[in-house]
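Visitor: Could you put the whole structure together from the sequences, leaning on the hints where they help?
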Amino acid sequence: MPNIIHIETSTSVCSAALSSDGAVQCHFENFEGPSHASLLGVYVKQIMDFSRDKGVKVDAVAVSSGPGSYTGLRIGVSEAKGLCFGLKVPLISVPTLELLACTTMFRNYFEEDVLYCPMIDARRMEVYSAVYDNALNDVVPVGAYVIDEHTFSDLLDNRRIVFAGNGSTKCKDVIKHRNAIFVEGIVPLATDMLALAERAFRNGQFEDVAYFEPFYLKEFIATTPKNKIL
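As numbered in the numbering used here, residues 199 to 428 make up the sequence shown, in order.
Hints were generated in silico from the structure; no laboratory data involved.
In this text, a Cβ means the ideal position worked out from N, Cα and C, and glycines have one as well.
Errors might be hidden in some of the hints.
To be verified - Computed beta-carbon distance windows for the label pairs:
id : residue 1 : residue 2 : range
1  : Ala408    : Arg376    : 44 to 52 Å
2  : Lys243    : Phe304    : 37 to 45 Å
3  : Gly341    : Ala393    : 19 to 27 Å
4  : Gly341    : Gly253    : 22 to 30 Å
5  : Phe304    : Gly402    : 22 to 30 Å
6  : Gly341    : Glu411    : 12 to 20 Å
7  : Ala408    : Ala342    : 37 to 45 Å
8  : Arg357    : Gly231    : 14 to 22 Å
9  : Glu411    : Asp257    : 21 to 29 Å
10 : His375    : Asn335    : 32 to 40 Å
11 : Glu310    : His375    : 35 to 43 Å
12 : Val372    : Asp251    : 16 to 24 Å
13 : Lys255    : Lys368    : 27 to 35 Å
14 : Lys243    : Val372    : 19 to 27 Å
Guide: So, in structure tokens, the structure goes:
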């Protein structure tokens, strides 16, 4: 089993973890808001200190690759790249929506033919989303979707869909179909990246460290503060 550092910064939650022998050896998380720039470097240093103390040689670095927060993704990927260059190890990217779908499957039991729809909050009634079967095959491709009462109705007429992620909360009062199931408390975390990261490692699915960029899905739009300080 590879020894992997995992970094997840795609939402307001910042987390990092070290896995070895298929289990989490140490992890650090903050749920209190977007403080990734100040927290992530500290978490990584603590992980590196732990790995040196335990004699664990890092084999790869995995990072949640988006979609999600533009700033959060840049911070996470920059840290991951720096580690890969410094440690001379490969970079693994873990799609954030697949991570959310996988976490939902592992933490809950549903019948095999259920579909999974992870949602990351974008703006207003828009979410970054996709629909997967239980083998993580795309049923609906990753995209930015504006949610209304008809969203995914063609699928919901025939299949149960499990909605999860911070974008699903605002959709609960809009998608009222009898086959819609909403699961609360699912957030992307570094500790849940193991299965996808280890699969990528086994298959040799590595990114080009120099040129890899997060999957933003949409262009960054800067906004002007309402209260200008002169």
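Visitor: Of the hints given before, which are not true for this structure?
Guide: 2, 4, 7, 8, 10, 11, 12, 13, 14
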